[in-house]
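K.L.:
Read off the chains here:
Protein chains: 2
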Amino acid sequence: MKIGIDAMGGDNAPYEIVKGAVEALSIIESQIVLVGKEDLINKELEKYTYDKDRVFVHNADEVITNEDKPVNGIKKKKDSSMVVGFKLLKDKEIDGFISAGNTGALLAGGLLKVGRIKGIDRPAIASVYPTLKGLATMVDAGANADCKPRNLLEFGIMGSIYTKSVYGKDQPKVGIVNIGSEKGKGNALTQESYDLLEASELNFIGNVEGRELPEGVCDVIVCDGFTGNVILKLTEGVAKSFGKMLKTQITKGFFRKIGAAILSGGFKDLKKEMDYREYGGAPILGVSRPLVKAHGSSDALAIKNAVKYCEIYSKSDVIEGISEIVRPKKKDE
Amino acid sequence: MKIGIDAMGGDNAPYEIVKGAVEALSIIESQIVLVGKEDLINKELEKYTYDKDRVFVHNADEVITNEDKPVNGIKKKKDSSMVVGFKLLKDKEIDGFISAGNTGALLAGGLLKVGRIKGIDRPAIASVYPTLKGLATMVDAGANADCKPRNLLEFGIMGSIYTKSVYGKDQPKVGIVNIGSEKGKGNALTQESYDLLEASELNFIGNVEGRELPEGVCDVIVCDGFTGNVILKLTEGVAKSFGKMLKTQITKGFFRKIGAAILSGGFKDLKKEMDYREYGGAPILGVSRPLVKAHGSSDALAIKNAVKYCEIYSKSDVIEGISEIVRPKKKDE
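Chains H and D, in that order, are what the protein sequence lines are.
The numbering used here puts the first residue of the first sequence at 117, with every later residue one more than the last.
The numbering used here puts the first residue of the second sequence at 117, with every later residue one more than the last.
FYI, nobody ran anything at the bench for these hints, they're computed from the structure.
The model shown is predicted, which means the values in this text are computed figures rather than measured ones.
Do not take every clue at face value.
Said to hold, decoys possible - The list that follows gives simulated cross-link-like pairs (lysine-lysine, DSSO-like), each with its CA atoms no further than 30 Å apart:
{"id": "1", "chain 1": "D", "residue 1": "K349", "chain 2": "H", "residue 2": "K285"}
{"id": "2", "chain 1": "H", "residue 1": "K280", "chain 2": "D", "residue 2": "K356"}
{"id": "3", "chain 1": "D", "residue 1": "K194", "chain 2": "H", "residue 2": "K299"}
{"id": "4", "chain 1": "H", "residue 1": "K360", "chain 2": "D", "residue 2": "K349"}
{"id": "5", "chain 1": "D", "residue 1": "K229", "chain 2": "H", "residue 2": "K349"}
{"id": "6", "chain 1": "D", "residue 1": "K299", "chain 2": "H", "residue 2": "K356"}
{"id": "7", "chain 1": "D", "residue 1": "K349", "chain 2": "D", "residue 2": "K135"}
{"id": "8", "chain 1": "D", "residue 1": "K356", "chain 2": "D", "residue 2": "K206"}
{"id": "9", "chain 1": "H", "residue 1": "K301", "chain 2": "D", "residue 2": "K349"}
{"id": "10", "chain 1": "H", "residue 1": "K299", "chain 2": "D", "residue 2": "K229"}
{"id": "11", "chain 1": "H", "residue 1": "K356", "chain 2": "D", "residue 2": "K363"}
As the list claims (entries may be wrong) - Each pair of labels, with its calculated beta carbon distance range:
{"id": "12", "chain 1": "D", "residue 1": "K194", "chain 2": "H", "residue 2": "S439", "range": "56 to 62 Å"}
{"id": "13", "chain 1": "D", "residue 1": "L248", "chain 2": "H", "residue 2": "Y283", "range": "33 to 39 Å"}
{"id": "14", "chain 1": "H", "residue 1": "G235", "chain 2": "D", "residue 2": "L248", "range": "34 to 40 Å"}
{"id": "15", "chain 1": "H", "residue 1": "R443", "chain 2": "D", "residue 2": "K445", "range": "55 to 61 Å"}
Every residue gets a Cβ at the ideal spot worked out from N, C-alpha and C, and that includes glycine.
Take the sequences, apply the hints, and build the full model.
P.N.:
Encoded structure:
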C-alpha cells in the first residue's frame, strides 16, 4: 500500500511534513510518496535516517497556496503538488492522499479531479470530536455551509460507516445537532433531516444538544458544515480560554503557585488529551478514493498521526460500504 | 418603578422565585409585583422579613407549564401568571416583567399580548456570553431558528443599543458568527447579513469565528437563533466537561491531591466566573416593553440578579432607542 502526501501543503511545509512522513514509517506498514518540489523534499529527507525502500518522491513544480481561489487553483496549477496528488490517487498509483494545504482547493479537487461516490450529492469533512467517552466523528465539519436534508442523511450514512470501519465501533450511535431534545424542535433543515435519519437503517438516537456533545452521547455527530465548523472552533476556543482562566486563577497566591506546580503533570496529560494533533487528519468522505485533510498548521506529530489514520482508511472498505448503500437503484431492483 | 415577576414559572417555583425576589430588594430601588397563586405566594413570603411596602402580590389562578404548547397556552390560559403578567406590562402597571417559565410561551406572549416594536420583524433573546474580557451580548440566543438577513441586522441594532445602555459600553463592537474571517465566507445567510451590517451605522467589526468568541473579540455577537443556542449550550458543556477531566487528572496521584486541595479556592472563584446565575436573565429584545427570560432552573440567586438587570433595562431608554432606528419612515421623511 502507498500513502501519498502533499509535501508542499500547510504552514510548515515542507520541513514538518517530511519529518512527520519519516516518523510515520515506524507506525505504518505502507510506503510513502511525497509529492512536491523534488529538490526541496530531498534536502529535507537528507536530514533523517530511514528505510529508503519505503519513501519515494514524486516531483510537482507548482504549489497551490491559501491565496489561490480553490477552483481556479485546481484548474490553472496543473503541476501543483495537490493536483498531481489527485491524479496519482485517481489512477490508483497511491492508495490514499493527505494534504495540509488550501482546504477549499482540496474539496474542489476531490470533486473535480478525483470524483464523487455515485449517489452522494455532497462530500463532507469528517472530523474527530473529542468527548469524555472517547472520540466521536463529526460530519460535516465545514465543507458545506448550506445543506439540504438529503445531505445530512448522507453525512449520517458516511460517518456511520467510517466510524465502524476505522474506529471499530459496531452500530455507531448517530445524533443530529439540534436546539431541543424532542422531535419537531429546531430549524427547517434539522426537522426534515430528523425524519430522513429516523426512517434510515442507521442507529439513530435523535437530537443532540450542544450541552451534550462533549459528554459523548453519540459516536457520529451529524450537522451542516456551518454548524460543524462553529462547534469545532468553539470547542477549541472554550478549552483554550478555560485553560487561560485556570492559569490566572491558580497563580494568584503563593500557596496556589505551589499547588499549580504539583499539578503541572496533570495539566500536561490534559493538554495532550485536548490536542488535535493526536488524532491526525480528517477524511473527505464521499470522494471516490481515500482523501484526507490535515490541519493547516500541522507539525510532524500531526502528519505522523494523519498518515496512520489514512492507512487504516485506505485499507478499509469504507468507500465500498458507502457505495453499496447510496448507489442509485437500477430499474429492475 | 415596579418589576413584575412570574412567581409560578420555572423548575423551582414558587419558593426560589419568591426567595430571590425578596433578596433582590436590597440591591434595587423598585417595588416588586409577584404574579401567581396568591395563597402559595403569601405562604412563601411569610418565611421572610422584608419591607412590606415594596412587595405586592397579584393573583393569577392558572399556570402555563412546559408541557403546554406555546401559542395554545397563551390563548387558553387567560388567567395564568404569565398572561396576567403580560397584561400588567402592556397596561404599564409594571415597568418590566420576568419569567422563568415556558420559553416558547414567553416569546409567543411577548408578540401576541405585549407586541413588537414597530419596524422590528422578529424579537430575539439577548443572552449574556462570558468571555475572557468580560461579558458580551449574544443575539439571537434561540428565539428564531430560521432567520433572514434582515433579522440579523435587527439583532445587531438591538444588541448594540442594549449593550450600550445596560452595560455602559460606548460604541459596542458588533461581530457576526461565521466560519471564516474574510468577507465572502460563510453560508448564504451570513454572507448577505454581512453586507447589511457593513452598510449600517453600527460599529461592525466583521466575521467572528467560534475560536475567537470566548476571547471576547466583540461586545455584541450576532447570529441566528439556532447557531446562538448551539453556541451557548456547547460553551456550557465544554466548560463542564473540562472541569470533569481536570478533576480526574488532578486527583490521580497523592501529590496531585495535595495540589488540588491547595488550588480548591481558585477553582471556586473560577466556578463563580462561569456561573450563569451571576448574570441574571436574558431580555427579549424587540418586544415593545421590557420582558426578561430567566433560566428555567433559576434559583434565588439567579432571580435576584435577573431582577437587578431587569430594573436597569426598565429604567433605560433601550426600547426608545431601538424604535428610533427601526421605525418605518413616513412619506415626507
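K.L.:
Run every hint past the structure and note whether it holds.
P.N.:
How the hints compare with the structure:
1. D:K349 <-> H:K285: holds (27 Å)
2. H:K280 <-> D:K356: holds (28 Å)
3. D:K194 <-> H:K299: holds (28 Å)
4. H:K360 <-> D:K349: holds (20 Å)
5. D:K229 <-> H:K349: Judged against 30 Å, a Cα distance of about 40 Å means the pair is violated.
6. D:K299 <-> H:K356: Answer holds: K299 of chain D to K356 of chain H is near 26 Å, not above 30 Å.
7. D:K349 <-> D:K135: holds (27 Å)
8. D:K356 <-> D:K206: Violated: K356 of chain D and K206 of chain D sit about 39 Å apart, past 30 Å.
9. H:K301 <-> D:K349: Holds - the C-alpha atoms of K349 of chain D and K301 of chain H are around 15 Å apart, at most 30 Å.
10. H:K299 <-> D:K229: Holds - the C-alpha atoms of K229 of chain D and K299 of chain H are around 28 Å apart, at most 30 Å.
11. H:K356 <-> D:K363: Roughly 17 Å separates the two Cα atoms, so the pair holds.
12. D:K194 <-> H:S439: 56 to 62 Å: holds (59 Å)
13. D:L248 <-> H:Y283: 33 to 39 Å: holds (34 Å)
14. H:G235 <-> D:L248: 34 to 40 Å: violated (46 Å)
15. H:R443 <-> D:K445: 55 to 61 Å: The hint (55 to 61 Å, Cβ to Cβ) holds, given that R443 of chain H and K445 of chain D are roughly 57 Å apart.
The earlier numbered hints that this structure contradicts are 5, 8, 14.
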